[in-house]
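Engineer: Take a look at the letters that make up each chain.
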Amino acid sequence: MKSNMVKKVYNWLDERYDLTPLIEFARHKKVPVHEHTIWYYMGGVTLFLFLIQIFTGILLSMYYQPGPDSSYESLRFLLTKVRFGWLIRSIHSWSANLMIFFAFVHMFSTFFTRAYKKPRELTWVTGFILLSLSMAFGFSGYLLPWNELAFFATKVGTEIVGAVPVVGPIIMKVLRGGSDVTGATIYRFYAIHITLLPALFMLVLALHLVFVQKHGMSEPEHLANLPESRKKYIPFFPNFLLRDLILWLIVFDILVFLAVYYPWELGLKADPFAPAPAGIRPEWYFMFMFQTLKLLPGHILFIEGEVLGILIFMVGGLLWMLVPFWALKGRPDQRIQPMEFIGVVVLIYIGVMTILGYAL
Amino acid sequence: MKIGYTSIFAGLFLGMGVLLAQPQDDEKTSYLQQLVEVDQCVACHIEEEALPEGLHENDIHLREGLSCAGCHGGDPTSDDMDIAMDPARGYIGIPDKQEVPSFCGKCHSDIRFMRRFRPQVETDQEVQYYTSRHGRLLKAGDTKVAVCTDCHTSHAVFPASDPRSSVYPTNVPETCKRCHSDSDYMAEYKIPTDQYEKFAESVHGVALLKKKDVGSPACNDCHGNHGALPPGVTSIGQVCGNCHINNLQYFQKTKMAEEFKKMDLHDCIECHGYHAVPPTNDEMVGVGEQSTCIDCHDEGDEGYKAAVEIRAMLRNLTTAIDSANTLKKQIQIIGMDDLDIEYLLKDAHQQLIHARTVIHTFDPKQVEEKTKTGLDRAKEAIQLALEEIEEYHRRRKGFLFATLFTTLLIIGLFIKLRQIESEQKEDAHRREP
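If you're matching them up, the sequences are chains A and B in order. With positions in the first sequence counted from 1, the corresponding number in this note's numbering is that position plus 1. With positions in the second sequence counted from 1, the corresponding number in this note's numbering is that position plus 171.
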């Protein structure tokens, strides 16, 4: 009787919305199996962590009250008086970091497997935008607890934005809601964090997912050239999805472990009149840029070192986003492909600068 | 000729600037300008560039419309100097120093005249002045002493509540210093001239002069204003007691207070000093190097024992509060509940403040009442803090139970996957020809 009911509902919907082609598409969707299949899961994990962010973010917003006199206090109330409030907040913070980590892994795996090539150029571009939006989520969310470190890190972060030639000072003022980081900054960071960024993110994410479904999984070149009979596939439903689910659960376990054993600290309440405490540093994903700007000399030729650094990162970011449109083609006999070389250099640079940032 | 938008805006800006700037200039000269119209003294003295030295355009007398003649007499309506400054028309000119108190007193001692400005105004300054050291010496013919104008100035007089006034609390020490720190000027009076230096370094001086805390006493708060005298032996406790009322009341009920009287000792200042009052600390009690108790008490006597006991009580309480504070900070950082700990600590700290006041009874039992309550609160805070830290670690154990569920789910899904895949294989195998 139950299945009869389901069938009836399905038929009702199918009649109106023509679901059959979608079901057929899902039924025939398959995933190539090869030595790089593992990287296919990275995007899914990132998506899973984003869903956790939405869920925990909604729960947090029920208690969080933005404002210089209420941000820290409401969070302290959540952490100390609300049952499992501490766990939700810790998961939100950890999940944010893991999400960006997996987004980086997903991006570099796509880069090294050259999955950005035609026809997937826009999948790469939307993916890059998603990573940038994730970093903006991180930056705006970092200030919200209104603790000492967040306050000064935001001060430094927005100052860097302010150093961008021409538009920098205006952007800085708009971001801060004035000439300094104040209560006004919390209100707008909160608004950006819970309305503007999620709306943009959802839109770009929808495009990204539609593009992925449209083109299917990218196959590595050597596999794509093989005859169909020698290729191995598994069905997306249920094989790949079940594997996905298992991995998501493992990641969830790791996430809860981190949240419980290394709970995100609340810190001390921000005091705008106090001197900056030692150890002000941005989140790890901004560290390579921050460290570069720190190491640059005051002046390079006729331009300020910091300004030049920012310009280089802006141009670098743009070039990275547009990789599919200028990717260099190496000869097949070349031992090291030019794009692989660029990727490795970028990866080493980010790694070294991040390590230096924490070591120095 | 075409006029561009830029020119229009520039013109508007300039116009606005001029308009905005105008009232400020008006305000600056308004009182004098107003007087020029009706007062020939002002008109002439401006013309001759002979306005009194230090004249301030916001001087309270000017602001209230009191012209030169209001104090110096004469006829301000005449532009003829001989008529305007004719003694027959009441012209006094610059009064002799000995005449200054009565010169100012003409108005300031007349309540019927003064209450039109402020109904609750005091008019006994002149009477008080002549009871002061300054006034008595002036009467005796000493014109070196301070008169009204020395402290209040002649032509830059402001209400004492105005920070520009020479008698505003934070300016009083500087005003008194002008004479009292001048060793040559003060030589014949044979009194010390280091009061300002000592005061500036004292707890009161630092609060008043550096922190600009006008609640802290200036010279006049202890010595009086117009009736300035050094506090006598009998009144010195009362002087300090004006602010430190509980300390005085506790002290007055002690045996020590009686003994002090007999020995001609000066209450509070015997331990705390006077101009150079240092910030108090717990080390002042007890028998350590900074102790003031051992100035009089010797090992074995009752006072010595009390000092040792009281010091130990204070030390126990402050140590417990410090420990609880350290734990509280740790709890705050790890994001555990520190609100109740904070309340307990506030209470403990309040008891410590009480205990430090009750010290002035020199009775260990009374001090113990306060320190014991404080100690109980601090210990409760420590206990609560330790429980919070334990709870922080207990959460980790909870993780093991929670993860058991997800691990089982993972295993279940894995088995299901294997099952599906082996069925798929069998199916494919069957289909193969």
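No lab work stands behind these hints: they were computed from the structure. It is possible that part of the hints are untrue.
Quick list of in silico lysine-lysine cross-link-like pairs, BS3-like style, CA-CA up to 30 Å [as the list claims (entries may be wrong)]:
1) B:Lys383 with A:Lys270
2) B:Lys550 with A:Lys270
3) A:Lys156 with B:Lys500
4) B:Lys268 with A:Lys233
5) A:Lys31 with B:Lys596
6) B:Lys550 with A:Lys82
7) A:Lys232 with A:Lys119
8) B:Lys587 with A:Lys31
9) A:Lys215 with B:Lys500
10) B:Lys596 with A:Lys232
11) A:Lys156 with B:Lys382
12) B:Lys433 with A:Lys30
13) A:Lys9 with B:Lys587
14) A:Lys31 with A:Lys215
15) B:Lys500 with A:Lys270
16) B:Lys381 with A:Lys270
17) B:Lys348 with B:Lys315
18) B:Lys476 with B:Lys543
19) B:Lys568 with B:Lys550
20) B:Lys596 with A:Lys8
21) A:Lys330 with A:Lys295
22) A:Lys31 with A:Lys8
23) A:Lys270 with B:Lys382
24) B:Lys587 with A:Lys232
25) A:Lys82 with B:Lys568
26) A:Lys233 with B:Lys500
27) B:Lys310 with B:Lys268
28) A:Lys8 with B:Lys587
29) A:Lys82 with B:Lys517
30) A:Lys270 with B:Lys517
31) A:Lys82 with B:Lys500
32) B:Lys381 with B:Lys310
33) B:Lys550 with A:Lys30
34) A:Lys156 with A:Lys174
A short, non-exhaustive set of chain A residues, derived as facing chain B with CB atoms under 10 Å [as the list claims (entries may be wrong)]:
35) Leu210
36) Phe258
37) Pro264
Ideal Cβ positions, reconstructed from N, Cα and C, are used throughout, including at glycine.
Engineer: If you draw a straight line from the CA of Lys156 of chain A to the CA of Lys174 of chain A, is it 30 Å or shorter?
Structural biologist: 11 Å, holds
Engineer: Could you grab the alpha-carbon distance between Lys330 of chain A and Lys295 of chain A and see if it respects the 30 Å cut-off?
Structural biologist: Distance ~35 Å between Lys330 of chain A and Lys295 of chain A Cα, so the pair is violated.
Engineer: Quick one, are Lys383 of chain B and Lys270 of chain A close enough, alpha carbons at most 30 Å?
Structural biologist: 27 Å, holds
Engineer: Between the alpha carbons of Lys587 of chain B and Lys31 of chain A, is the straight-line distance 30 Å or under?
Structural biologist: Holds - the C-alpha atoms of Lys31 of chain A and Lys587 of chain B are around 19 Å apart, at most 30 Å.
Engineer: Can Pro264 of chain A be said to touch chain B, with a Cβ gap under 10 Å?
Structural biologist: At 7 Å from the nearest chain B Cβ, Pro264 of chain A passes the 10 Å test, so the hint holds.
Engineer: So if I understand the rule, the pair passes when the alpha-carbon distance is 30 Å or less; does Lys268 of chain B with Lys233 of chain A pass?
Structural biologist: Violated, at roughly 114 Å.
Engineer: Are Lys9 of chain A and Lys587 of chain B close enough, with their CA atoms no more than 30 Å apart?
Structural biologist: Roughly 29 Å between the alpha carbons, so the hint for Lys9 of chain A and Lys587 of chain B holds.
Engineer: With a cut-off of 30 Å on the C-alpha distance, tell me whether Lys82 of chain A and Lys568 of chain B pass.
Structural biologist: 20 Å, holds
Engineer: Quick one, are Lys31 of chain A and Lys8 of chain A close enough, alpha carbons at most 30 Å?
Structural biologist: 25 Å, holds
Engineer: Within a Cα-Cα threshold of 30 Å, do Lys587 of chain B and Lys232 of chain A meet the stated pairing?
Structural biologist: 25 Å, holds
Engineer: Verify the proposed pairing of Lys596 of chain B with Lys8 of chain A, using a straight-line Cα cut of 30 Å.
Structural biologist: 29 Å, holds
Engineer: Are the Cα positions of Lys596 of chain B and Lys232 of chain A separated by 30 Å at most?
Structural biologist: 16 Å, holds
Consistency note: the structure conflicts with the earlier hints numbered 4, 9, 12, 21, 26, 32, 33 and 35.
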